[in-house]
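As they're listed, the protein sequences go chains A and B. Per our numbering, the first sequence starts with residue 78, numbered consecutively. Per our numbering, the second sequence starts with residue 5, numbered consecutively.
Source of the hints: derived by calculation from the structure; they are not laboratory data. Just so you know, not all the hints are guaranteed correct.
Distance windows between CB atoms, simulated [what the hints assert, rightly or not]:
no.: 1; chain 1: B; residue 1: Arg166; chain 2: A; residue 2: Val114; range: 44 to 52 Å
no.: 2; chain 1: A; residue 1: Asp123; chain 2: B; residue 2: Lys107; range: 54 to 62 Å
no.: 3; chain 1: A; residue 1: Tyr248; chain 2: B; residue 2: Gly164; range: 20 to 28 Å
Straight-line C-alpha distance at most 16 Å; calculated EDC-like pairs for lysine to aspartate or glutamate [said to hold, decoys possible]:
no.: 4; chain 1: A; residue 1: Lys125; chain 2: B; residue 2: Asp54
no.: 5; chain 1: B; residue 1: Lys220; chain 2: B; residue 2: Asp163
no.: 6; chain 1: A; residue 1: Lys244; chain 2: A; residue 2: Glu118
no.: 7; chain 1: A; residue 1: Lys125; chain 2: B; residue 2: Glu51
no.: 8; chain 1: A; residue 1: Lys180; chain 2: A; residue 2: Glu196
no.: 9; chain 1: A; residue 1: Lys125; chain 2: B; residue 2: Glu45
no.: 10; chain 1: A; residue 1: Lys264; chain 2: A; residue 2: Glu118
no.: 11; chain 1: A; residue 1: Lys125; chain 2: B; residue 2: Glu133
One side only, chain B facing chain A, incomplete, derived with CB under 10 Å [as the list claims (entries may be wrong)]:
no.: 12; residue: Leu10
no.: 13; residue: Ile13
no.: 14; residue: Val41
no.: 15; residue: Val47
no.: 16; residue: Arg166
no.: 17; residue: Cys173
no.: 18; residue: Asp183
no.: 19; residue: Glu191
no.: 20; residue: Phe195
We treat Cβ as the ideally placed atom computed from N, Cα and C, and that holds for glycine.
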Amino acid sequence: MNWAGLYTVLSGVNRHSTAIGRIWLSVIFIFRIMVLVVAAESVWGDEKAAFTCNTQQPGCNSVCYDHFFPISHIRLWALQLILVTTPALLVAMHVAYQQHQEKKLLVLTGHADPKHMEEVKKHKMRISGSLWWTYVCSVVFRLLFEAVFMYIFYMLYPGYQMMRLVKCEAYPCPNTVDCFISRPTEKTIFTVFMLVTSSICIVLNMAELVYLVVRACARRGQHNSNPSSGKGSFYGHKLSSEYKQNEINQLLTEQDGSLKDMLRRNPGLQEKGDRCSAC
Amino acid sequence: MDWGALHTILGGVNKHSTSIGKIWLTVLFIFRIMILVVAAERVWGDEQHDFVCNTLQPGCKNVCYDHFFPISHIRLWALQLIFVSTPALLVAMHVAYRRHEKKRQFRKGDQKCEYKDIEEIRRQRFRIEGSLWWTYTSSIFFRLVFEAVFMYAFYFMYDGFRMPRLMKCNAWPCPNTVDCFVSRPTEKTVFTIFMIAVSSICILLNVAELCYLLTKFFLRKSKKAGNNKHHSNHENKEETKQNEMNELISDSCQNTVIGFTS
């Protein structure tokens, strides 16, 4: 399981994302993960071996390295990228659950042929209802993780700049000892690059959040101005056992439904649906 | 045979797992195996090479390293992950056995067999009940046991989960008590704590899955006991089916609409 495996897992989620979500995923994989694997890892590859202190005292090198680099940039970025990409799996799980429910419903209404089952698997879920909340939560978590890691970076490596020389006096170093870091300029460049792409991802996430909220409000506004769901006679149906069924029907017609879209595309199925026992 | 191959093998088991089981498998592969491969192996990569002792005595460094690290963290984690993921293969074997039996029935032309063709048998997802329930529950139990045993082994071998910067060693042939310095101790402590935390999350998921299975089992048993007391006729079955459909529809599943507009 490596970055390629993660790519396989996440590219499935891509289908149910918004356009901004897809851009974000591309930025993550091309400008962050790929840069990390292809370039940054070789820059940091010799970070410990080439960390040299001006002393012959055994152990001083290790101790000073550990003091100045409690956790390497590369590992922090790897953790950041993994934690930032995994909230998308919440959405994948929710979509899988909804697809499972749709399949169950198809089986119960007697439409369990392979063609309709395949269509359930292939069609894109609309981001509405509970899926909207899951999606918004995943975007919020992404933002949170990005911000937390940027803060951790700033705490551990103030100014994001890699120094050429650091002075160390931890035991067993005999006194204050000069230690030299390997490739400091190259490391600074890559640190700044990763920081910039991280900021771009934060901006994309915020834009996606705003877009989702605006869309939800617009949809709600549209629904309020068109209350055409046909409640029927309130008193007449209230006491009957069909009241609950009508309530459910109303719930269904009020929401945008992907299965509804599917039925629009397959009129034959809708006819059968009209004749079924739930009507 | 590597982690990718294990992923392929276990991906097949995923189809017959509960939802909690699927979450557990995702956590295992992304937060444990992936972190191990992508990050932790680099951190521990130079552990023996950069283990430095304050002596020129040949052999002292080797002996001290062996004394303080009888088995490396990385190898322990790899063993733990392999042991923890393989009980799922019990379930895979049981499912394969059931499929084989159904195929045998189908080929014999058994009237009781409800499948149309071999492909349907291959694709079918089995419900976790009967003997499969016992196999599944045993596999979760073994997972829990292995996780707990390895966490204890870790704690016992490394006296807590922290990696010290300096260790004092006086094993032969070191001339006297010698200072030995471990490479990247802070980074190693961070990753050890991370792996322990994820391991605990996996234990919790397994416990939750066990509780879920037991609850489902007892509910099913009480439902069966309840149904045996009443007459089950055709109308009852229709009503149950309708209720199940209504439940599915109203169960926060806004995207599952069949055009029921009257």
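Hint check:
no., hint, verdict
1, B:Arg166 x A:Val114: 44 to 52 Å, "violated, 31 Å"
2, A:Asp123 x B:Lys107: 54 to 62 Å, "holds, 57 Å"
3, A:Tyr248 x B:Gly164: 20 to 28 Å, "holds, 21 Å"
4, A:Lys125 x B:Asp54, "holds, 9 Å"
5, B:Lys220 x B:Asp163, "violated, 41 Å"
6, A:Lys244 x A:Glu118, "violated, 26 Å"
7, A:Lys125 x B:Glu51, "holds, 11 Å"
8, A:Lys180 x A:Glu196, "holds, 10 Å"
9, A:Lys125 x B:Glu45, "holds, 15 Å"
10, A:Lys264 x A:Glu118, "holds, 10 Å"
11, A:Lys125 x B:Glu133, "violated, 55 Å"
12, Leu10, "holds, 8 Å"
13, Ile13, "violated, 13 Å"
14, Val41, "holds, 6 Å"
15, Val47, "holds, 7 Å"
16, Arg166, "violated, 13 Å"
17, Cys173, "violated, 12 Å"
18, Asp183, "holds, 6 Å"
19, Glu191, "holds, 5 Å"
20, Phe195, "holds, 8 Å"
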